[in-house]
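Asker: All chains, please: the whole structure from these sequences, using the hints.
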Amino acid sequence: MLVAKNIKDLMDARQMDAAKLARAAKINPTGIYDILSGKSQSPKVVTLAKIAKGLRVPLAALFETATDLELKSDILALLERMPAPQRELLLRTAQAWIEETE
Numbered sequence: 001m002l003v004a005k006n007i008k009d010l011m012d013a014r015q016m017d018a019a020k021l022a023r024a025a026k027i028n029p030t031g032i033y034d035i036l037s038g039k040s041q042s043p044k045v046v047t048l049a050k051i052a053k054g055l056r057v058p059l060a061a062l063f064e065t066a067t068d069l070e071l072k073s074d075i076l077a078l079l080e081r082m083p084a085p086q087r088e089l090l091l092r093t094a095q096a097w098i099e100e101t102e
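As numbered in my numbering, residues 1 to 102 make up the sequence shown, in order.
These aren't lab readings, by the way, just hints derived from the structure by calculation.
FRET-style restraints, in silico, Cβ to Cβ:
#1 Ile75 x Ala24: 25 to 33 Å
#2 Thr30 x Ala60: 20 to 28 Å
#3 Glu99 x Gly38: 40 to 48 Å
#4 Lys44 x Asp9: 19 to 27 Å
#5 Gln86 x Lys26: 41 to 49 Å
#6 Ala96 x Asp17: 38 to 46 Å
#7 Gln41 x Arg14: 21 to 29 Å
#8 Thr30 x Thr65: 26 to 34 Å
#9 Thr93 x Lys8: 30 to 38 Å
#10 Glu100 x Ile75: 16 to 24 Å
#11 Lys5 x Glu99: 29 to 37 Å
#12 Leu78 x Ser37: 36 to 44 Å
Result set (EDC-like, lysine to aspartate or glutamate): computed pairs, CA atoms no more than 20 Å apart in a straight line:
#13 Lys8 x Glu64
#14 Lys53 x Asp9
#15 Lys53 x Glu64
Ideal Cβ placement from N, Cα and C applies to all residues, glycine included.
Answerer: Following this line, the structure appears as structure tokens:
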């Protein structure tokens, strides 16, 4: 149900209904309705990838928890408030830290 909820939330954020998403994803609207209603509890990855593309999000966004989304939102809000030089320095530092820990 997490995937269905995330699809519904993303549709709402983009003011899309199932028919509009189906056109954007180039799939049958019934597939969207079945996922949203819970009738299709194990949709194919190919179908989900098309839906993600239609929503203009990475496939992983359909599987994120509310905590993940809130964290990303908080990080983006913080970055938007930072002056460009500090934002760039922070991003470079984070990249270096990630590379060092891999």
